[in-house]
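**Student:** So the chains spell out like this:
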Amino acid sequence: MKTVRIAGGQGFWGDALDAPYRQVTEGPIDVLTLDYLAEVTMSILQKQKARDPNAGYPQDFLVQMEQLLPVLAQRGIKVLANAGGVNPTACSAALTDTIRRLGLKGLRLGIVSGDDLMGRLDELLQRGHEFRNMDTGHPLSTIRDRVLAVNAYLGAAPMAEALAMGADIVITGRVTDTGLTLAPLIHAFGWAADAWDLLAAGTVAGHLLECGAQASGGNSLVDWPVPDLAHVGYPIADVAPDGTFDLTKHPGSGGRVSVAGVTEQLVYEIGDPKTYITPDCTTDFTTVSLRRRGKDRVRVSGVKGGPPTDRFKVSIAYFYGYKAVGTLVYAWPQAYAKARAAEAILRTRLGDLGLRFESVHAEFVGAGATWAERPANLGDLPEVELRFGVRAPERAPVERFTRELAPLILNGPPGVTGYAAGRPKVQEIVAFWPALIDRRAVEAKVEVIAT
Amino acid sequence: MTKRTRRVPLLELAHARSGDKGDTANIGLIARAPEYYPLLVRQVTAARVARHFKGLVKGPVKRYELPNVRALNFVLYGALDGGGTISLRTDAQGKVLSTALLRMLVTR
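Residue numbers (this note's numbering), protein chains in the order written: chain A, 1 to 451; chain B, 452 to 559.
These are calculated hints, taken from the structure and not from any lab test. Don't take each hint at face value.
Unchecked claim - With a cut-off of at most 27 Å between alpha-carbon atoms, the simulated DSS-like pairs for lysine-lysine come out as follows:
1) A/K49 <-> A/K445
2) B/K513 <-> A/K425
3) A/K274 <-> A/K304
4) A/K274 <-> B/K454
5) A/K295 <-> A/K2
6) A/K2 <-> A/K304
7) B/K513 <-> A/K313
8) B/K513 <-> A/K274
9) A/K274 <-> A/K313
10) B/K505 <-> B/K454
11) B/K505 <-> A/K313
12) A/K47 <-> A/K295
13) B/K546 <-> B/K513
14) A/K313 <-> A/K425
15) A/K304 <-> A/K47
16) A/K313 <-> B/K546
17) B/K546 <-> B/K509
18) A/K274 <-> A/K49
19) A/K304 <-> B/K513
20) A/K295 <-> A/K49
21) A/K274 <-> B/K509
22) A/K313 <-> A/K105
23) A/K313 <-> A/K47
Assemble the whole structure, with the sequences as input and the hints as a guide.
**Tutor:** This is how it looks when you write it as structure tokens:
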């Protein structure tokens with residue numbers, strides 16, 4: 001039986017716009033997956049939807065699909081994208097318009113929803129679902145009035161169902177990133193709902209694809225320097241029916257696929273490696289075997305899995321407060337000492353003004369902002385950037401702080417520059433509240449429409 | 452025969468990648484060669500990593516082993532000044548905690 005080639009085309013909302021097109025045109029693939037959603041993205045989309053009932057999904061998707069659709073239709077490549085955001089219906093309506101405008105016939109759209117619990121939140125709270133914060137243990141009721149978005153992570157099953165119903169393009173709300181890859185494998189190979197090792201293998205494939213080029217040479221500490229990152233090839237999983245797969249990329253593209261580089265992505269953003277939990281299964285990352293199979297080709301095999309838990313992860317976004325961060329650059333000589341002196345002046349001024357903050361934080365970029373370096377080891381640096389930030393529940397003290405940096409240009413230590421960007425902007429903080437919910441309380445909805 | 456030992460930064464023996472989930476960070480530490488893995492297991496303990504990041508990481512550090520890919524996974528709680536969007540740090544998402552760990556000196 002032939003393998004299924006799944007290409008990761010987008011690691012996050014804001015990733016390279018042309019990556020999906022390159023995945024589709026630079027070599028043979030069967031499926032394209034596109035991941036647009038991060039925790040904070042959902043709250044931005046909820047805000048957009050509140051202003052306009054037809055908004056609430058990433059517009060990048062439509063721009064990319066306009067270019068992709070003729071090629072997809074011609075080659076029969078399927079697409080799975082969590083581009084529905086908080087409004088999969090509006091997203092699919094807009095995509096239908098695009099398909100019609102391009103004069104393409106016979107494409108079917110699958111829509112997976114039911115993840116968005118915002119409208120059901122009070123009902124669910126009343127029924128005793130507490131949405132306790134997985135980190136702090138606090139119940140959601142403590143911040144109920146500040147909640148901006150509530151989304152359960154759906155798994156691969158409803159997406160596989162949409163494919164089984166004939167969908168060529170599947171648009172979803174919040175689903176697991178790994179599910180986008182697992183679903184077409186379940187569909188193509190008829191993997192059973194309790195074939196844990198196979199589901200786990202597909203989940204590992206999804207985990208390796210979900211961050212785009214980070215699996216094929218991008219941001220790779222071990223492989224650096226990596227050739228031709230300007231044309232980096234995004235990763236492709238070439239999967240066999242038994243779940244074994246090769247991670248690779250299109251020949252001629254930049255980047256590199258190596259065992260060491262793939263290992264970096266395997267351990268990226270995981271907890272207990274023996275129990276990587278998704279709605280579809282539990283995956284044991286300590287069973288994964290990686291082996292070089294050729295240039296830019298790594299064989300992944302041996303993956304073991306088990307049943308999932310009875311709960312879904314829920315991602316909740318809520319309004320937290322305000323922050324602002326400003327910078328000033330101090331030049332040689334004694335750049336570090338001068339940046340330090342400026343910090344001290346700022347702290348004194350903020351104290352004199354009687355402003356109250358939850359946090360005041362200073363860093364010295366170039367002199368240990370990412371690591372507390374001993375000043376004695378620094379030498380007399382050519383320049384140091386003072387990066388000074390404040391955070392508060394109220395807007396007013398943060399707003400007042402933003403006026404305090406500019407006076408230092410004339411009132412502070414000498415050799416200051418780098419302030420052309422002007423006063424720092426006050427930013428609203430949307431924070432993330434991870435929780436779990438009984439999976440029976442969440443009902444995935446699947447529909448497939450002809451265009 | 453006495454074996455000569457020397458202190459080297461972890462960077463010589465391992466590579467790493469780190470990331471975030473809320474206010475929790477993880478660092479995957481990977482041996483550059485199979486013979487280095489036992490050394491990592493012995494010397495790069497959760498307690499030592501917690502000391503290494505003292506002041507930066509507020510909560511406990513947990514360590515998991517992945518001998519299949521000769522890697523250790525460290526989970527650092529309360530590591531990101533409240534988490535990605537709340538944090539005032541340059542490295543609000545813990546992306547370079549990986550290289551910060553590779554500064555640690557080990558005996559080889």
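**Student:** Compare the structure with each hint and give your call.
**Tutor:** Cross-check of the supplied hints:
no., hint, result
1, A/K49 <-> A/K445, "20 Å, holds"
2, B/K513 <-> A/K425, "37 Å, violated"
3, A/K274 <-> A/K304, "10 Å, holds"
4, A/K274 <-> B/K454, "37 Å, violated"
5, A/K295 <-> A/K2, "21 Å, holds"
6, A/K2 <-> A/K304, "22 Å, holds"
7, B/K513 <-> A/K313, "21 Å, holds"
8, B/K513 <-> A/K274, "14 Å, holds"
9, A/K274 <-> A/K313, "18 Å, holds"
10, B/K505 <-> B/K454, "32 Å, violated"
11, B/K505 <-> A/K313, "31 Å, violated"
12, A/K47 <-> A/K295, "46 Å, violated"
13, B/K546 <-> B/K513, "18 Å, holds"
14, A/K313 <-> A/K425, "33 Å, violated"
15, A/K304 <-> A/K47, "41 Å, violated"
16, A/K313 <-> B/K546, "23 Å, holds"
17, B/K546 <-> B/K509, "17 Å, holds"
18, A/K274 <-> A/K49, "39 Å, violated"
19, A/K304 <-> B/K513, "23 Å, holds"
20, A/K295 <-> A/K49, "46 Å, violated"
21, A/K274 <-> B/K509, "25 Å, holds"
22, A/K313 <-> A/K105, "38 Å, violated"
23, A/K313 <-> A/K47, "22 Å, holds"
In the structure shown, a violation is registered for the earlier hints numbered 2, 4, 10, 11, 12, 14, 15, 18, 20, 22, in ascending order.
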